[in-house]
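Q: Sequence:
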Amino acid sequence: MTISKLKTVLKHYFGLTSDLFSHISFDYGSFVITLSIPTSLSQSIIDTINNKTNSMSRLGILEVAVDNKVIPIRREDDNNFEASLHESVKAGDSFEVSMLLQLGADPNSKDKRGKSAVEIANEGGHTQIKEILLTAGRKDYTPTAESIYTARIDYHGIDRNDLSFSEGEQLEIYKKNGFWWKERSLVSGDDRDEGLIPSSCVYSMLESLQLLEFILSARGRSVPSYSTEDKE
1 MTISKLKTVL
11 KHYFGLTSDL
21 FSHISFDYGS
31 FVITLSIPTS
41 LSQSIIDTIN
51 NKTNSMSRLG
61 ILEVAVDNKV
71 IPIRREDDNN
81 FEASLHESVK
91 AGDSFEVSML
101 LQLGADPNSK
111 DKRGKSAVEI
121 ANEGGHTQIK
131 EILLTAGRKD
141 YTPTAESIYT
151 ARIDYHGIDR
161 NDLSFSEGEQ
171 LEIYKKNGFW
181 WKERSLVSGD
191 DRDEGLIPSS
201 CVYSMLESLQ
211 LLEFILSARG
221 RSVPSYSTED
231 KE
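All residue numbers for the sequence shown refer to this note's numbering, where the first residue is 1 and numbers rise by one.
What the hints contain is simulated information worked out from the structure, not anything from laboratory work. Since the model is a prediction, treat every value here as computed from it, not as a measurement. Glycine included, every Cβ here is placed at the ideal spot set by N, Cα and C. The hints are all genuine.
In silico PhoX-like cross-links for lysine-lysine, where the CA-CA straight-line distance does not exceed 25 angstroms:
# : residue 1 : residue 2
1 : Lys90     : Lys110
2 : Lys69     : Lys7
3 : Lys130    : Lys115
4 : Lys130    : Lys112
Each pair of labels, with its calculated beta carbon distance range:
#  : residue 1 : residue 2 : range
5  : Ile158    : Asn51     : 48 to 54 angstroms
6  : Asn50     : Gln128    : 23 to 29 angstroms
7  : Tyr174    : Asn50     : 44 to 50 angstroms
8  : Gly178    : Thr8      : 45 to 51 angstroms
9  : Thr8      : Lys175    : 33 to 39 angstroms
10 : Lys112    : Ile158    : 44 to 50 angstroms
Hey, can you work out the whole structure from these sequences and the hints?
A: Here it is in C-alpha cells:
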C-alpha cells in the first residue's frame, strides 16, 4: 500500500486529524504509523477506534495505541483478505471493498456457501459495490480466441442498448442469443462500451481458419504453417 493510500485510510477514519501523522516504519510486511495528536483529541480518537473496530479489522489493522494504551483490533495471523472482502460487501461498505481490492483481495473469490462477492452484493442490493467488483474482476480477465470477433463494417447503434463500432474493430462476444449478440469492445478498454450487435456484422478469424482448414483437408491439402524462420 502506498503512502497516499495510507493517508486515505487515516482520513476515512480520523478525518482532518490524519494530517498530523509524523512517522511510518515498516517491519516484516507490516507497518507502524505514528500520529502527533493533541491530548485534547485522545478520547475522541479512542471513541472512533471503538466504533470502527470491525471496519478497521477488515482492512488488516492489527492494533492502535493512544497515550500508551493499546487497543487490539485484529489477530496478526488473520490475513484472509477474501473473507474480509465478503464481510465488507455484506456490510455495504464501498470504501472497504475498494481498499481490500487494492490490497490484493480476489474479486472472484467465494465464501463458505460458495457465493461470490458479486452474488453477495446482489443479495444485499449493493449496486455500486457490484460494479466495483465486476470492474476489478475484468482487469485480470483475458478473452479467449473463440470469443474474439472482428467487425465487417462500420455500425451505428440504433437502440440505446446497441453498441456502435468501426470496421476492423475487435469485439468480445460473451453471449449469443439468436441474431443479436452481446459483446464488449476490446479497443476502448472501457467496461461501459458493451451492448447488443447484429451477428451478421462481425466474423471470427478463428472460425474462418477452421473452415479453411476443413475445406483444404477435404481436398487433401493443409493450411500452410508460418514461423519466424520463413522471414530470413
